[in-house]
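With chain A fixed as given, assemble chain B onto it according to the hints.
Sequence lines, in order, name chains A and B.
Be aware that the first sequence starts at 267, since it is given in my numbering, and climbs by one per residue.
Be aware that the second sequence starts at 296, since it is given in my numbering, and climbs by one per residue.
Since the hints were derived computationally from the structure, they do not count as laboratory data.
Take these hints with a grain of salt, some might be off.
[As the list claims (entries may be wrong)] Just the calculated beta-carbon pair ranges, DEER-fashion: (1) Ala494/B with Ile842/A: 31 to 37 Å; (2) Asp783/A with Lys657/B: 22 to 28 Å; (3) Leu439/B with Arg790/A: 38 to 44 Å; (4) Ala494/B with Leu796/A: 41 to 47 Å; (5) Pro287/A with Gly341/B: 43 to 49 Å; (6) Trp345/B with Val274/A: 32 to 38 Å; (7) Gly792/A with Pro402/B: 45 to 51 Å; (8) Leu593/B with Asp545/A: 48 to 54 Å; (9) Leu754/B with Arg405/A: 42 to 48 Å; (10) Gly488/B with Val274/A: 42 to 48 Å; (11) Val274/A with Ala494/B: 49 to 55 Å; (12) Arg666/B with Ala317/A: 31 to 37 Å; (13) Leu754/B with Ile842/A: 55 to 61 Å; (14) Val740/B with Arg405/A: 52 to 58 Å.
[As the list claims (entries may be wrong)] No more than 27 Å apart at the CA atoms, straight line, and that leaves these computed lysine-lysine pairs for DSS-like: (15) Lys600/B with Lys657/B; (16) Lys787/A with Lys600/B; (17) Lys765/A with Lys681/A; (18) Lys787/A with Lys657/B; (19) Lys448/B with Lys657/B; (20) Lys355/A with Lys605/A; (21) Lys656/B with Lys400/B; (22) Lys448/B with Lys400/B; (23) Lys600/B with Lys791/A; (24) Lys681/A with Lys355/A; (25) Lys791/A with Lys400/B; (26) Lys605/A with Lys791/A.
Where is the CB? At the ideal position from N, CA and C, for every residue including glycine.
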Amino acid sequence: MIWFLTIVLPLLAAVITPFIPAGRRGSGLVFVAATLPALWLGLVEVSGVSAQWFLLGSYFSLDTPRRIILLLTVILWATAGLFADSYLKDDARRGEFAFYFGVTMAGNFGLLISAEVTAFYTFFALMTFASYGLVIHSRTPDARRAARIYLVMAIIGELFLITALYLAVQSAGSFLLADIPPALAEASNGRFIFLLGLIGFGVKVGAIPLYFWLPLAHPAAPAPASAVLSGAMIKAGLVGWMHLAPVGLVEWPSISLLMVSLGFAAALGAAIYGLTQVDPKTNLAYSSISQMGVMTVFLGIGLYGGIPAALLLPAIALYAFNHGTAKALLFMGTALPAKVGGSWRILMWVGLGLGVLAIAGGPLTGGLWTKYLVKTFLGETSLPGAQTFLLLLTLSAVTTTLLLSRFLHLLSRIKAPSGNVAPAFLLPWILLLLAGGWWTMSPALLPVELLNHILGEKGILAFFLNMLTNWGALWPITIGVVIMAFTLQVTSLNWWPTKNPLLPPGDFIHIILLVGDRVAKLFRKGISLLESGMKSLHSPEKIFYRISDSKRTSQISASAESLLRRWEFVGIGFFIFFLTLFLFLR
Amino acid sequence: METTSFLPVLILISSLVPGLMILLLREEQVALRTSLNLFGAVAKVGLVAWAFVGYVRGEAYDFIFSLAPDLTFALRLDKLGLLFAALSSVLWLITTLYAIGYLEKGPHQNRFFAFFSLCVTASTGIALSGNVITFFIFYEFLTLSTYPLVVHKGTDEAVAAGRTYLWYTIGGGTVLFLGVVGLYVVAGPIYFGQTEIIAGLISEFPTQLTILFFLILAGLGVKAAIFPLHGWLPISMVAPAPVSALLHAVAVVKAGAFGIVRLVYDVFGVGVAEEMNYLAVLAVFAAFTIIYGSVRALYQNDFKKRLAFSTVSQISYIALGVAIPGALSSTGAIVHLVHQGIMKITMFFAAGNVAETYGYKKISELNGIGRRMPLTMGAFTIAVFGMIGLPPVAGFISKWYLGLGAVEAGSYWVILVLLASSAMNAAYFLPIVYRAWFCEPEHEVVPRLRSGRFETQVLLLIPVVVTAILSLAAGVFAAVAGSPLSIARDIAEKLYLL
Numbered sequence: 267m268i269w270f271l272t273i274v275l276p277l278l279a280a281v282i283t284p285f286i287p288a289g290r291r292g293s294g295l296v297f298v299a300a301t302l303p304a305l306w307l308g309l310v311e312v313s314g315v316s317a318q319w320f321l322l323g324s325y326f327s328l329d330t331p332r333r334i335i336l337l338l339t340v341i342l343w344a345t346a347g348l349f350a351d352s353y354l355k356d357d358a359r360r361g362e363f364a365f366y367f368g369v370t371m372a373g374n375f376g377l378l379i380s381a382e383v384t385a386f387y388t389f390f391a392l393m394t395f396a397s398y399g400l401v402i403h404s405r406t407p408d409a410r411r412a413a414r415i416y417l418v419m420a421i422i423g424e425l426f427l428i429t430a431l432y433l434a435v436q437s438a439g440s441f442l443l444a445d446i447p448p449a450l451a452e453a454s455n456g457r458f459i460f461l462l463g464l465i466g467f468g469v470k471v472g473a474i475p476l477y478f479w480l481p482l483a484h485p486a487a488p489a490p491a492s493a494v495l496s497g498a499m500i501k502a503g504l505v506g507w508m509h510l511a512p513v514g515l516v517e518w519p520s521i522s523l524l525m526v527s528l529g530f531a532a533a534l535g536a537a538i539y540g541l542t543q544v545d546p547k548t549n550l551a552y553s554s555i556s557q558m559g560v561m562t563v564f565l566g567i568g569l570y571g572g573i574p575a576a577l578l579l580p581a582i583a584l585y586a587f588n589h590g591t592a593k594a595l596l597f598m599g600t601a602l603p604a605k606v607g608g609s610w611r612i613l614m615w616v617g618l619g620l621g622v623l624a625i626a627g628g629p630l631t632g633g634l635w636t637k638y639l640v641k642t643f644l645g646e647t648s649l650p651g652a653q654t655f656l657l658l659l660t661l662s663a664v665t666t667t668l669l670l671s672r673f674l675h676l677l678s679r680i681k682a683p684s685g686n687v688a689p690a691f692l693l694p695w696i697l698l699l700l701a702g703g704w705w706t707m708s709p710a711l712l713p714v715e716l717l718n719h720i721l722g723e724k725g726i727l728a729f730f731l732n733m734l735t736n737w738g739a740l741w742p743i744t745i746g747v748v749i750m751a752f753t754l755q756v757t758s759l760n761w762w763p764t765k766n767p768l769l770p771p772g773d774f775i776h777i778i779l780l781v782g783d784r785v786a787k788l789f790r791k792g793i794s795l796l797e798s799g800m801k802s803l804h805s806p807e808k809i810f811y812r813i814s815d816s817k818r819t820s821q822i823s824a825s826a827e828s829l830l831r832r833w834e835f836v837g838i839g840f841f842i843f844f845l846t847l848f849l850f851l852r
Numbered sequence: 296m297e298t299t300s301f302l303p304v305l306i307l308i309s310s311l312v313p314g315l316m317i318l319l320l321r322e323e324q325v326a327l328r329t330s331l332n333l334f335g336a337v338a339k340v341g342l343v344a345w346a347f348v349g350y351v352r353g354e355a356y357d358f359i360f361s362l363a364p365d366l367t368f369a370l371r372l373d374k375l376g377l378l379f380a381a382l383s384s385v386l387w388l389i390t391t392l393y394a395i396g397y398l399e400k401g402p403h404q405n406r407f408f409a410f411f412s413l414c415v416t417a418s419t420g421i422a423l424s425g426n427v428i429t430f431f432i433f434y435e436f437l438t439l440s441t442y443p444l445v446v447h448k449g450t451d452e453a454v455a456a457g458r459t460y461l462w463y464t465i466g467g468g469t470v471l472f473l474g475v476v477g478l479y480v481v482a483g484p485i486y487f488g489q490t491e492i493i494a495g496l497i498s499e500f501p502t503q504l505t506i507l508f509f510l511i512l513a514g515l516g517v518k519a520a521i522f523p524l525h526g527w528l529p530i531s532m533v534a535p536a537p538v539s540a541l542l543h544a545v546a547v548v549k550a551g552a553f554g555i556v557r558l559v560y561d562v563f564g565v566g567v568a569e570e571m572n573y574l575a576v577l578a579v580f581a582a583f584t585i586i587y588g589s590v591r592a593l594y595q596n597d598f599k600k601r602l603a604f605s606t607v608s609q610i611s612y613i614a615l616g617v618a619i620p621g622a623l624s625s626t627g628a629i630v631h632l633v634h635q636g637i638m639k640i641t642m643f644f645a646a647g648n649v650a651e652t653y654g655y656k657k658i659s660e661l662n663g664i665g666r667r668m669p670l671t672m673g674a675f676t677i678a679v680f681g682m683i684g685l686p687p688v689a690g691f692i693s694k695w696y697l698g699l700g701a702v703e704a705g706s707y708w709v710i711l712v713l714l715a716s717s718a719m720n721a722a723y724f725l726p727i728v729y730r731a732w733f734c735e736p737e738h739e740v741v742p743r744l745r746s747g748r749f750e751t752q753v754l755l756l757i758p759v760v761v762t763a764i765l766s767l768a769a770g771v772f773a774a775v776a777g778s779p780l781s782i783a784r785d786i787a788e789k790l791y792l793l
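Only chain A is shown next, with the shape it has when bound in the complex:
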């Protein structure tokens, strides 16, 4: 029952909340209530169920990595629901927003608890298409453009995905997601199938080279929607990858190296490109691409072989958890500086600072711990060049710090209101800060064997309070902050853009659009040429009319008719006809 409620309650909430009259609040509480079954599933282990009546016969269950991500998802949707309630209180389209918000939530929960291909695909599609309504919410030309690019990319992703699923189901001979990785490990075309899935889910993850919709779409949505887009929904793609990847069962060096290098390219490249932006939300979107790059690396390590899935996947999920909560905190935080004033601002800056530290892997945060997980696995893998990768990882901490301190700087330029004021949506934001903070500091979510594997004899507390690890995490961040502060202070070095971004957000989509436009123009020209050619030809039925309507044909047919009436002609004709038929069919 609880499995179905997890999906049905958000759908119900989507239908009910638009009817809450304007100016009234309460949608937030409805959405929080709708997340409760999912929260229960995240906290308490419930045995899976089968739903033979649903689609082609479905199963719902959870494993450790997906439970961690489900918890993340629940926390984000609940706080974002509360946040949106007061944030969009006076918005004319708050009803529509609530509808798409609820449906997207149902899709997001559903895909996490599905253990079978068609259900997973259903909820994945539901989430993807419903979130279109969140992206386009403001109806500005920019939002429409972002939404269009998002939709086109989403459909391309779906097409790759469905192909991958057709092939995967065929080679697994089963609809269960759990049967797919072993089947791919065995199948001769396993790598091809995985690559298709890599592309299909890669669109959602924002992997290179499929990410360019993301810096446009994520910032276009209202702050709470951006938070769930960048914090929770982006992880759906990661979950998809984890469903397909035969971690620990195969040695696919080429794919592994591909993922690791694409991941590092994203981790460093997106962070640097993001520095050229002036919109804090675009800045954060690039940071998401960069962080998803690290998770791509993480999964890529697993495909090199030698690391069991039971250890690696929960570790990736915990990384996602840490990034998701912190990123949602920052995204919702972009709405605060213009509304929060007086002593509340101290709280705001502390929260934002903690969020930045958590993503950059700063001391005493969840980021420290999750970065350490990546380092451990990079140290253990036999992947060639692992030492270089470790260095790159440290470097990415520096670029991430640069990017996010730039983000803080952008926020600090927003004019604060006078007086000791705090909007109602500060409360859900603080709730998120607490929830995110507590969980990221507590790797208790991880299975015991993983903890033992990472920590050995010493306990988790000893790890967190270890001077050496904390110091090791601090210096890249210090470097980043110092560079940022230095360039901001020294006028000759302060080349940071203030009004317009140095380079356009969405980077190479502009090149694609330019080329696409040219090709489309050529294509249209060809079509119009073809059409004018077609028009000069008669369509078949017109030729018929020409025959039936012209006088000559009627004369000919009349004389033919009189000829036919002569019996000898009819007799001979029929004789010949039947003779041929007989000879032919004999």
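Chain B in isolation, oriented as in the chain A frame:
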């Protein structure tokens, strides 16, 4: 073979008799006409349901009437026929309701409803035919009974469209006649399911049978709108919305597709058809039609015309599924008979509602219509997602089986065709959805042409909501026993002896 039951005849009579009686009524006898219509429609659904239950229990329903020695009129219920009969009877009931609301006080209603009933009699006749000759009789009957519906409006455009329709269908009928007679000469009377007859003759008469197969296929292809025989379909769009809805969902187009299914599965047999490479030819034509219809649909601004070209494309999914050997793709083809019907009828109802309520016939006029007609456009949106093949709507189930079937048969190019078609479906349907929900209307206040408590007249609204719910339910509950999928799977598995 002997007559064991008159139930098949009763099923036919339930719409034939009301149709003939309506012809005798006076135009102003509205109440009597409506009750006759509804009585017939409800009775037909009831009878088909009864037959279904009986069939599942193992009873045989055969009705044989000898026209001449060796030439019999045979009605017979098998699962495939029952599935098609169920589809036509249920959608007929819904469309009758819609048509009553749609025509309201229009002229020539007796003529309309009489031929409407005859048309459904013909299509159930096609469903229940037990042999090739009977099938042919009803097939031609269908051509003639739909003509008055196509030209119903009586405008020049409608008459011209009717003429084109006749050119194509009579032409197709002639070719089919040649094929059917030829088949009778070569193989004698063939009851559906007796594939062993052709299998025994194929080595003796390979050329003749091949010619006959393609003659029959061409005859059926006209109604199934397979390229290059599809020209009549987009032009027949001038017909009133309930007619278009029925034409595209069950009656004409579906009769052609159903005929192709019968021809391959129950006359020639899959084995022969595959061995003789008939299926490969059919697959190429079907695949081309799918792409061609989608490309043409992209360029239409007329709402109903875009839907019509989409039908051209979607119907060929059935032919394509038939053309790929294997139980999975057969399941996809057979289930798409039903799924395409309920989804497309939803779309035509929606288009009709918009045109009747606000007079909008062009897609460019649809900005913001979603806020004015949320239920209609909501239903339309569900159907759109189904057509694209997104779960959990019915269309996903069809495409899923077609795709799996293609992989199973190793025909990977079919996957590319399906993907291209999905992408193009999205490209020509989603702009409508986008305009309806995400664009601001050009004028704030627009006069309504139809009154009613809800967004439009109740009788126009109920059918579209019901068919949308059916489309959704056929997908969500696909695994439940009794769903179209479960029946299609049974038929396909029996066919391939799994």
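Hints versus structure:
no.: 1; hint: Ala494/B with Ile842/A: 31 to 37 Å; result: holds, 33 Å
no.: 2; hint: Asp783/A with Lys657/B: 22 to 28 Å; result: holds, 26 Å
no.: 3; hint: Leu439/B with Arg790/A: 38 to 44 Å; result: holds, 43 Å
no.: 4; hint: Ala494/B with Leu796/A: 41 to 47 Å; result: holds, 45 Å
no.: 5; hint: Pro287/A with Gly341/B: 43 to 49 Å; result: holds, 46 Å
no.: 6; hint: Trp345/B with Val274/A: 32 to 38 Å; result: holds, 35 Å
no.: 7; hint: Gly792/A with Pro402/B: 45 to 51 Å; result: holds, 47 Å
no.: 8; hint: Leu593/B with Asp545/A: 48 to 54 Å; result: violated, 35 Å
no.: 9; hint: Leu754/B with Arg405/A: 42 to 48 Å; result: violated, 35 Å
no.: 10; hint: Gly488/B with Val274/A: 42 to 48 Å; result: holds, 44 Å
no.: 11; hint: Val274/A with Ala494/B: 49 to 55 Å; result: holds, 52 Å
no.: 12; hint: Arg666/B with Ala317/A: 31 to 37 Å; result: holds, 35 Å
no.: 13; hint: Leu754/B with Ile842/A: 55 to 61 Å; result: holds, 59 Å
no.: 14; hint: Val740/B with Arg405/A: 52 to 58 Å; result: violated, 21 Å
no.: 15; hint: Lys600/B with Lys657/B; result: holds, 9 Å
no.: 16; hint: Lys787/A with Lys600/B; result: holds, 25 Å
no.: 17; hint: Lys765/A with Lys681/A; result: holds, 15 Å
no.: 18; hint: Lys787/A with Lys657/B; result: holds, 24 Å
no.: 19; hint: Lys448/B with Lys657/B; result: holds, 19 Å
no.: 20; hint: Lys355/A with Lys605/A; result: holds, 14 Å
no.: 21; hint: Lys656/B with Lys400/B; result: holds, 21 Å
no.: 22; hint: Lys448/B with Lys400/B; result: holds, 13 Å
no.: 23; hint: Lys600/B with Lys791/A; result: holds, 23 Å
no.: 24; hint: Lys681/A with Lys355/A; result: holds, 22 Å
no.: 25; hint: Lys791/A with Lys400/B; result: violated, 48 Å
no.: 26; hint: Lys605/A with Lys791/A; result: violated, 53 Å
In the structure shown, a violation is registered for the earlier hints numbered 8, 9, 14, 25 and 26, in ascending order.
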